[in-house]
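Engineer: What follows is the residue order along each chain.
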Amino acid sequence: MEWIYEPWPWYVSGAAIALVMLVLLLVGKNFGMSSNLRTLCTMCGADRSSEFFRFDWAAQKWNLLVMLGAVIGGFIAANFLTADAAVQINPDTVAELQSLGFESAGGAYLPDELYSMEQFTNPKSLILLALGGLMVGFGARYAGGCTSGHAISGLSNLQWPSLLAVIGFFAGGMLMIYFLFPLIF
Amino acid sequence: MRSFIYLLIGVFFGITMFKSEAASWFRIYEMFKFDAFHMYGIIGTAVVLGVLIVWAIKRFRIKSVYGESIIFQPKEKSVPRYLIGGFIFGLGWALAGACPGPMFTLVGAGFLPILVVIAGSLLGTWFYGLLRDKLPH
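First to last, the protein sequences are chains A and B.
Take the first sequence: its letter number 53 is residue 56 in the working numbering, and every next letter is one higher.
Take the second sequence: its letter number 105 is residue 110 in the working numbering, and every next letter is one higher.
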């Protein structure tokens, strides 16, 4: 059982994600996490300002439970199933990130420069995190799904629109990292 | 009982997201730089198995455990919403290093600044709802 404390290899991880999708299908549901953001908006009262949020959110409770489970799973994995959380990315990538100012690259799970507790008092980090989230939320709903809904569920069902969405994900991600990161960091 | 199953699926999903390192900002950066096979291996394995799963469910008319037919909703045919929406999503995914599943995993893992990302994503979802009729779909 020692292997469980190590990072899981890609084939184990990929199979585990497919298993999540399979089990959800077998209980009559679809794998898609960003719908929860819409449900949460409705619960917060967004149905008063837009037609888009007027739907029977109680029918989405199951997905909120999956989301809550994901929080608990993160707690369990980080606290009980991990010996060393440092992510061993490509040494070239580490060197490159360090030159951009990410000194925690190669030695942490998330960059301290964005996700350490000190960032709560760093306006630049707060703005970047909020902006990143804003684009994820807006883009996911505009595209009608995120990584789980399009890249996993949609591609598994051979949906062309999902392939377009995934192409969009990569175009946006590459523009951010190749052209905007050198300006931001 | 059903509620417990959904929660359990979520727990397994959360553990998978953390242990696969798909919830790591560094892995997302490395993926967009094409510096490692890891993320492509994860998504590729999931999709190959997923295609087989969906094919088998359709081919053998497998029913859900509650005896209902399993229905796959085809995605609406269109181009702009997927390309533009996907593009905006990608910008955010690369910057925050987290998509809507792992975001919640990271809360449990104790990286509290991710709450700012989640707040932003709720705001973004709300903005979409407000602007939807004015956007090309």
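Just so you know, not all the hints are guaranteed correct.
Chain A stretches covered by chain B per the calculated footprint, using a threshold of three residues with CB under 8 angstroms from any CB of chain B [what the hints assert, rightly or not]:
(1) 56-68
(2) 123-129
Taking lysine-lysine and the DSSO-like style, the derived pairs with C-alpha atoms no more than 30 angstroms apart in a straight line are [said to hold, decoys possible]:
(3) Lys-32/A x Lys-82/B
(4) Lys-64/A x Lys-38/B
(5) Lys-32/A x Lys-38/B
(6) Lys-127/A x Lys-38/B
Label-pair restraints from in silico Cβ distances [as the list claims (entries may be wrong)]:
(7) Ser-52/A x Asp-40/B: 41 to 49 angstroms
(8) Leu-183/A x His-142/B: 21 to 29 angstroms
(9) Tyr-45/B x Arg-57/A: 38 to 46 angstroms
(10) Arg-66/B x Ala-86/A: 27 to 35 angstroms
(11) Arg-66/B x Gly-104/A: 50 to 58 angstroms
The hints are simulated quantities; they were obtained by calculation from the structure and are not laboratory data.
Virtual Cβ for every residue (Gly too), placed ideally from N, Cα, C.
Engineer: Hint by hint, note whether the structure agrees.
Structural biologist: Structure-based check of all given hints:
Requiring three or more residues with a Cβ within less than 8 angstroms of a Cβ of chain B, the coverage given for the region 56-68 of chain A holds, as 5 such residues are present. Coverage of the region 123-129 of chain A by chain B holds [criterion: at least 3 residues with CB-CB distance below 8 angstroms; count 3]. Restraint check for Lys-32/A and Lys-82/B: the C-alpha separation of about 22 angstroms stays at or below 30 angstroms, so the hint holds. In summary, the hint linking Lys-64/A to Lys-38/B is not supported, as the alpha carbons are separated by about 37 angstroms, beyond the 30 angstroms threshold.
As the CA atoms of Lys-32/A and Lys-38/B are separated by approximately 34 angstroms, the hinted pair breaks the 30 angstroms bound. Restraint check for Lys-127/A and Lys-38/B: the C-alpha separation of about 24 angstroms stays at or below 30 angstroms, so the hint holds. At about 43 angstroms, the beta-carbon gap between Ser-52/A and Asp-40/B stays in the expected band of 41 to 49 angstroms. Our hint of 21 to 29 angstroms for Leu-183/A and His-142/B holds, since their Cβ atoms are close to 26 angstroms apart.
For Tyr-45/B and Arg-57/A, the Cβ-Cβ distance of about 39 angstroms falls inside the hinted range of 38 to 46 angstroms, so the restraint holds. Distance hint check for Arg-66/B and Ala-86/A: the Cβ-Cβ separation is about 45 angstroms, which falls outside the suggested range of 27 to 35 angstroms. For Arg-66/B and Gly-104/A, the hinted distance range of 50 to 58 angstroms is satisfied, since their beta carbons lie about 56 angstroms from each other.
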